[in-house]
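Number of protein chains: 2
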Amino acid sequence: MADLGDIRALTFDVFGTVVDWRSGIIREGEALGRAKSIAIDWARFADAWRGLYQPMLSKVRDGEIAWIKLDDLHRMSLDRLLAEFGIAGLSEAEIDHLNRAWHRLDPWPDAVAGLTRLKRRYVLATLSNGTVALLVNMAKRAGLPWDAILGAEVARHYKPQPEAYRATAAFLGLEPARCLMVAAHYNDLVAAGACGFRTAYVWRRDEFVVRPKNDLPAVHELDLVVEDFAELADRLGV
Amino acid sequence: MADLGDIRALTFDVFGTVVDWRSGIIREGEALGRAKSIAIDWARFADAWRGLYQPMLSKVRDGEIAWIKLDDLHRMSLDRLLAEFGIAGLSEAEIDHLNRAWHRLDPWPDAVAGLTRLKRRYVLATLSNGTVALLVNMAKRAGLPWDAILGAEVARHYKPQPEAYRATAAFLGLEPARCLMVAAHYNDLVAAGACGFRTAYVWRRDEFVVRPKNDLPAVHELDLVVEDFAELADRLGV
Numbered sequence: 001m002a003d004l005g006d007i008r009a010l011t012f013d014v015f016g017t018v019v020d021w022r023s024g025i026i027r028e029g030e031a032l033g034r035a036k037s038i039a040i041d042w043a044r045f046a047d048a049w050r051g052l053y054q055p056m057l058s059k060v061r062d063g064e065i066a067w068i069k070l071d072d073l074h075r076m077s078l079d080r081l082l083a084e085f086g087i088a089g090l091s092e093a094e095i096d097h098l099n100r101a102w103h104r105l106d107p108w109p110d111a112v113a114g115l116t117r118l119k120r121r122y123v124l125a126t127l128s129n130g131t132v133a134l135l136v137n138m139a140k141r142a143g144l145p146w147d148a149i150l151g152a153e154v155a156r157h158y159k160p161q162p163e164a165y166r167a168t169a170a171f172l173g174l175e176p177a178r179c180l181m182v183a184a185h186y187n188d189l190v191a192a193g194a195c196g197f198r199t200a201y202v203w204r205r206d207e208f209v210v211r212p213k214n215d216l217p218a219v220h221e222l223d224l225v226v227e228d229f230a231e232l233a234d235r236l237g238v
Numbered sequence: 001m002a003d004l005g006d007i008r009a010l011t012f013d014v015f016g017t018v019v020d021w022r023s024g025i026i027r028e029g030e031a032l033g034r035a036k037s038i039a040i041d042w043a044r045f046a047d048a049w050r051g052l053y054q055p056m057l058s059k060v061r062d063g064e065i066a067w068i069k070l071d072d073l074h075r076m077s078l079d080r081l082l083a084e085f086g087i088a089g090l091s092e093a094e095i096d097h098l099n100r101a102w103h104r105l106d107p108w109p110d111a112v113a114g115l116t117r118l119k120r121r122y123v124l125a126t127l128s129n130g131t132v133a134l135l136v137n138m139a140k141r142a143g144l145p146w147d148a149i150l151g152a153e154v155a156r157h158y159k160p161q162p163e164a165y166r167a168t169a170a171f172l173g174l175e176p177a178r179c180l181m182v183a184a185h186y187n188d189l190v191a192a193g194a195c196g197f198r199t200a201y202v203w204r205r206d207e208f209v210v211r212p213k214n215d216l217p218a219v220h221e222l223d224l225v226v227e228d229f230a231e232l233a234d235r236l237g238v
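Sequence order for the protein chains is W and L.
In terms of the working numbering, the first sequence opens at residue 1 and continues consecutively.
In terms of the working numbering, the second sequence opens at residue 1 and continues consecutively.
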């Protein structure tokens, strides 16, 4: 294991790493389905919504569309999926509420306890593509004890663009080497590592039904590989 | 009293409103003075350092110098004051440590308990000219339970420029009218109010030896005037 004694901040991917987006979106969809008699496969809907995430982000990263908040990208995808799944008759308020399901995701069972331990020694910051408002609302609801809400919106660049990582370290007043990026996605850690961050991979075996190709970690390139945040705290000696 | 039932976030000025900058700077100066046998009046030094604050900020606000972090503005002022007070022989590390005294200020006695009550119902965000790193370090040391660290650095505009307030509300995903600006300085509240924020003035009678002119509130223009954060929580019914 690498020497991580000079780490001062842990920066976290959120969707998939801290919270379980898939079961949260399914739960919110099913609740709406019951209320409005919409009989579709909400698991398939959740996967389709997440499936549009990277293609939409790519359009921003490539400059094809101007900077836009993740909430608005989620909404563009949602409008498209409502049509594709044949869901009609929802009011604007109902669609907006469904779009904000991403603000109401539940943490993985170990997340709050693990973060609470880690917060004793480290600055804990989000380094997420989520908006500040989304991450604040999620944290208030779920009890996530962040010290700072950072990432794409304040950097105005989406991960894995290097500016997202570099700006987050700069806001924390730290050299990237004093920041440990924590994520359940290999490409996020590769990008953070290329900016000088240390890296910790968290296995979130239940995030996907089928894990995307190329998202299996090359363990030798990572500083830490852990099962969950309890093991992360153990390994960091907190 | 105005109806404040639709307030969702409280945004706080920090220096003077949440923390007692004057006694903190004096304490850190006196500690350095004892260690290095520097016999000056550290209260006068603290007042002189704070006295350079608005003139330095004005240079940024007026575009005379490019955007620069508050830590660096503090350092420019500090270098000047070290010369003026005839303080020599400090190492770079010692000067940097003194400059970061602003990261180590103590909260007013009611602040942590009041914020902890207010956090139950409201999003609590900084809306300070301090840097993110400064505010995070201060919060970790003092136990200030912020939900988000916002303000000048993420807005890239110093208060009282309207962009600082507008960007903070936008990051929170809220209309300004759903944000209550809490400050011990009238001009800060006037500027926030002009952006549509609701306003709460906190008397911090010990912040200054002599309160600056024009910093006495026109009470009729404010939504709330309170003695401290305990009264603020009382008045908001938390």
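Simulated from the structure, these hints should not be mistaken for lab results.
Among the hints, a few may not be true.
[Claimed, not checked] Derived pair list, reagent style DSSO-like, types lysine-lysine, alpha-carbon separation capped at 27 angstroms:
hint, chain 1, residue 1, chain 2, residue 2
1, L, K36, W, K119
2, W, K140, L, K36
3, L, K59, W, K140
4, L, K59, L, K140
5, W, K36, W, K119
6, L, K69, W, K69
7, W, K140, W, K119
8, W, K59, W, K69
9, L, K59, W, K119
10, L, K69, L, K59
11, L, K69, W, K119
12, L, K36, L, K59
13, W, K69, L, K59
[What the hints assert, rightly or not] What follows is a list of derived Cβ distance ranges for each label pair:
hint, chain 1, residue 1, chain 2, residue 2, range
14, W, P162, L, R8, 29 to 39 angstroms
15, L, D206, W, Q54, 24 to 34 angstroms
16, L, E64, W, E64, 14 to 24 angstroms
17, W, S91, L, K59, 35 to 45 angstroms
18, L, K59, W, G86, 31 to 41 angstroms
19, L, A113, W, D106, 48 to 58 angstroms
20, L, M76, W, P145, 50 to 60 angstroms
21, L, A48, W, P55, 54 to 64 angstroms
22, W, E64, L, R8, 26 to 36 angstroms
23, W, R44, L, W67, 25 to 35 angstroms
24, W, F85, L, R8, 26 to 36 angstroms
25, L, D47, W, W203, 49 to 59 angstroms
Even for Gly, the Cβ is constructed at its ideal location relative to N, Cα and C.
Now the hints, each set against the structure:
no., hint, verdict
1, L:K36 <-> W:K119, "34 angstroms, violated"
2, W:K140 <-> L:K36, "46 angstroms, violated"
3, L:K59 <-> W:K140, "38 angstroms, violated"
4, L:K59 <-> L:K140, "31 angstroms, violated"
5, W:K36 <-> W:K119, "42 angstroms, violated"
6, L:K69 <-> W:K69, "25 angstroms, holds"
7, W:K140 <-> W:K119, "16 angstroms, holds"
8, W:K59 <-> W:K69, "13 angstroms, holds"
9, L:K59 <-> W:K119, "37 angstroms, violated"
10, L:K69 <-> L:K59, "13 angstroms, holds"
11, L:K69 <-> W:K119, "26 angstroms, holds"
12, L:K36 <-> L:K59, "33 angstroms, violated"
13, W:K69 <-> L:K59, "32 angstroms, violated"
14, W:P162 <-> L:R8: 29 to 39 angstroms, "34 angstroms, holds"
15, L:D206 <-> W:Q54: 24 to 34 angstroms, "54 angstroms, violated"
16, L:E64 <-> W:E64: 14 to 24 angstroms, "38 angstroms, violated"
17, W:S91 <-> L:K59: 35 to 45 angstroms, "51 angstroms, violated"
18, L:K59 <-> W:G86: 31 to 41 angstroms, "60 angstroms, violated"
19, L:A113 <-> W:D106: 48 to 58 angstroms, "30 angstroms, violated"
20, L:M76 <-> W:P145: 50 to 60 angstroms, "35 angstroms, violated"
21, L:A48 <-> W:P55: 54 to 64 angstroms, "57 angstroms, holds"
22, W:E64 <-> L:R8: 26 to 36 angstroms, "34 angstroms, holds"
23, W:R44 <-> L:W67: 25 to 35 angstroms, "47 angstroms, violated"
24, W:F85 <-> L:R8: 26 to 36 angstroms, "32 angstroms, holds"
25, L:D47 <-> W:W203: 49 to 59 angstroms, "55 angstroms, holds"
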